[in-house]
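Participant: Take the sequences, apply the hints, and build the full model.
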Amino acid sequence: MERKLVCARCGKTLENKETYFAYFGHQLHTDLPCCPQCGQVYVDKELAEGKMRNTEAELEDK
Amino acid sequence: MGWKKMFGRKKLPPFPRDFWLEEMEQARDDAAALIVPPEYQGRLKYLFFPGCQLGASDPRYPQAVYQLLLRAEPATAMWLSCCGAPSYWVGEIEQYRSVQAEQHQQWESLGRPQVVLACMSCKKIIDYVLPDIQPLTVYEVLADSGLQLPLYPQLPELALADPCMSRDEPQVRQAVCTLLERMQVPYQILHQDIHTLPCCGFGGNIEGPNLAAAQAAAQRRISSEERPILAYCVNCRDVFAGAGKQSLHIIDLLTGLNGLERPTPHLSLRRDNRRLAKALALGGEKEEFLGISLEISEETARMMDESLLSADHIRRLIARAEQSGDYFIDEQQIHIARLPLCGVTIWAEYRPLGGRQYQLISVYFHRMEVEKTDEAAGK
Ligand SMILES: [Zn+2]
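Line by line, the protein sequences are chains A and B.
Using the numbering used here, the letters of the first sequence correspond one by one to residues 78 to 139.
Using the numbering used here, the letters of the second sequence correspond one by one to residues 7 to 385.
Just so you know, the hints here were simulated from the structure itself, not pulled from any lab data.
Source: prediction; values computed, not measured.
Backbone N, C-alpha and C fix where the C-beta goes; we use that ideal spot for every residue, glycine too.
Incorrect hints may appear among the rest.
Partial list, computed: chain B residues near chain A (C-beta under 7 angstroms) [to be verified]:
1. 335
2. 370
3. 377
Straight-line alpha carbon distances no greater than 25 angstroms define the calculated DMTMM-like cross-link-like pairs of lysine to aspartate or glutamate that follow [what the hints assert, rightly or not]:
4. B:292 <-> B:31
5. A:122 <-> B:332
6. A:81 <-> B:377
Far from chain A, by Cβ distances over 10 angstroms, these chain B residues were calculated [to be verified]:
7. 47
8. 70
9. 81
10. 99
11. 116
12. 142
13. 154
14. 196
15. 198
16. 258
17. 263
18. 289
19. 292
20. 360
21. 362
22. 365
Facilitator: Given below as structure tokens:
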């Protein structure tokens with residue numbers, strides 16, 4: 078998954094940083110690539126369609 | 007409500023309700039057109055109203071049917087728009103009333119011509135809300151005309167599938183049968199009792215549309231049917247085709263546009279189809295939404311169909327990213343950007359091809375929101 082990404086706005090290479098996600102009041106946190114300057118977070122397809130979708134589905138089934 | 011059941015699956019349509027309202031708005035906005043032959047201004051006999059689905063299915067349909075009608079009656083106008091049915095389906099009654107009021111006004115201002123429809127859903131709605139319009143269908147008008155039609159005695163026997171919206175409308179089925187007989191098409195009616203016509207699966211799923219469920223319903227209806235299907239509702243035709251069935255719309259026979267093998271059109275590209283239908287009707291070039299032209303592979307278009315994403319959503323995503331500079335770039339110059347949309351975050355990877363042209367590489371989405379960054383708060 079080590080794909081080198083650059084933030085187009087700041088010209089900085091993304092760095093992994095602990096990031097929090099929320100859904101229906103529940104949180105998920107994981108290390109994600111962020112722009113060290115503007116803070117934009119990159120969510121890749123694997124995370125969106127894997128861990129995040131599973132968490133979403135779990136919470137929706139409750 | 008059934009929210010959790012609707013969304014708690016792996017393949018999640020992110021926003022069905024908004025999707026259908028957007029489709030309607032688009033049909034009434036950038037894909038809308040009124041074509042009136044100048045010599046018949048003020049003394050029109052017919053106003054052909056194809057509805058929002060005909061050109062979305064095959065962009066050539068509205069213009070081809072209009073040409074037929076013009077041969078039957080030159081004092082005919084065509085109005086590309088939408089009857090408002092989607093707002094009715096999702097329960098936006100006020101919006102629906104205002105669409106209907108505008109429609110009525112337009113009809114009055116054109117001198118109250120005979121309205122001619124191609125879609126039985128349009129007919130149900132107009133009959134119900136605007137009874138003074140008393141619309142006919144294109145099938146009735148053509149069946150009554152002396153127009154010479156192509157002949158198809160060599161076709162295999164077709165199974166005529168009436169749409170559920172034809173319940174209690176025997177005169178429309180009669181007109182379709184008259185046309186089929188005049189074209190020497192071998193056929194049998196699939197479901198005789200006009201009062202209990204089953205649904206193809208499209209209408210019943212429109213509030214929480216699920217293509218897979220619609221196609222499963224279609225498969226149940228036709229699984230034992232070996233003959234190709236002939237429909238006179240374009241949604242039925244497309245659902246049956248999507249269920250893997252050879253299927254025709256009677257317009258294909260009237261105009262010769264398509265054979266039995268036309269696949270179901272992509273839901274994600276329907277807005278593009280409508281814009282193309284408008285361009286064909288006006289004799290101009292298709293205008294791209296936001297000026298962005300987009301290459302989309304079959305596979306990506308299929309994924310977008312299932313997720314109820316339109317190519318126009320991706321155009322919005324790209325326009326926003328390229329204008330603001332908020333995107334990421336990888337080593338291969340692929341751009342990656344996101345768009346918040348009705349509680350969902352859509353991501354797209356795309357390659358700039360120069361000018362306003364882009365190749366879409368992949369699309370995905372999530373509902374969880376990033377909580378702790380500067381930009382998440384602001385946008
Ligand atoms: Zn940045």
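Participant: None of the hints should be skipped; say for each whether it holds.
Facilitator: Against the structure, the hints:
Among the interface hints, the one on residue 335 of chain B holds; its C-beta lies about 5 angstroms from the nearest C-beta in chain A, closer than the 7 angstroms criterion. At a threshold of 7 angstroms, the smallest CB-CB gap from residue 370 of chain B to chain A is about 5 angstroms, leaving the interface hint in force. Using the Cβ-Cβ criterion of 7 angstroms, the hint placing residue 377 of chain B at the interface with chain A is satisfied: the shortest such distance is roughly 4 angstroms. Between residue 292 of chain B and residue 31 of chain B the alpha-carbon distance is near 18 angstroms, which keeps this suggested pair within the 25 angstroms criterion.
For the proposed pair residue 122 of chain A and residue 332 of chain B, the alpha carbon gap of about 18 angstroms is at most 25 angstroms, so the pair holds. As the CA atoms of residue 81 of chain A and residue 377 of chain B are separated by approximately 24 angstroms, the hinted pair is consistent with the 25 angstroms bound. In this structure residue 47 of chain B is separated from chain A by more than 10 angstroms, as the shortest Cβ-Cβ distance comes to about 52 angstroms. Listed as a non-interface residue, residue 70 of chain B keeps its Cβ farther than 10 angstroms from every Cβ of chain A; the least gap is roughly 41 angstroms.
For residue 81 of chain B, the condition that its CB be more than 10 angstroms from all CB atoms of chain A holds, with the nearest at approximately 55 angstroms. Remark: the non-interface label on residue 99 of chain B is consistent with the geometry, its nearest Cβ contact in chain A lying 28 angstroms away (cut-off 10 angstroms). Its beta-carbon lying about 49 angstroms from the closest one in chain A, residue 116 of chain B satisfies the requirement of being farther than 10 angstroms from that chain. With a closest Cβ-Cβ approach of about 47 angstroms to chain A, residue 142 of chain B is found to remain outside the 10 angstroms limit, as its non-interface label requires.
Distance to chain A confirms residue 154 of chain B as a non-interface residue, since its nearest Cβ pair spans about 55 angstroms, more than 10 angstroms. For residue 196 of chain B, the requirement that its beta carbon stay farther than 10 angstroms from each beta carbon of chain A is met, with the minimum near 39 angstroms. No Cβ of chain A approaches the Cβ of residue 198 of chain B within 10 angstroms, the least distance being about 43 angstroms, so the stated non-interface status holds. Distance to chain A confirms residue 258 of chain B as a non-interface residue, since its nearest Cβ pair spans about 38 angstroms, more than 10 angstroms.
No Cβ of chain A approaches the Cβ of residue 263 of chain B within 10 angstroms, the least distance being about 38 angstroms, so the stated non-interface status holds. Non-interface call for residue 289 of chain B relative to chain A: holds, since the shortest CB-CB distance, roughly 40 angstroms, exceeds 10 angstroms. Listed as a non-interface residue, residue 292 of chain B keeps its Cβ farther than 10 angstroms from every Cβ of chain A; the least gap is roughly 30 angstroms. At roughly 17 angstroms from the closest C-beta of chain A, the C-beta of residue 360 of chain B stays outside 10 angstroms, upholding its exclusion from the interface.
Here residue 362 of chain B stays apart from chain A, with its beta-carbon at least about 17 angstroms from theirs, past the 10 angstroms limit. Every CB of chain A lies more than 10 angstroms from the CB of residue 365 of chain B, the least distance being 17 angstroms, so the non-interface label holds.
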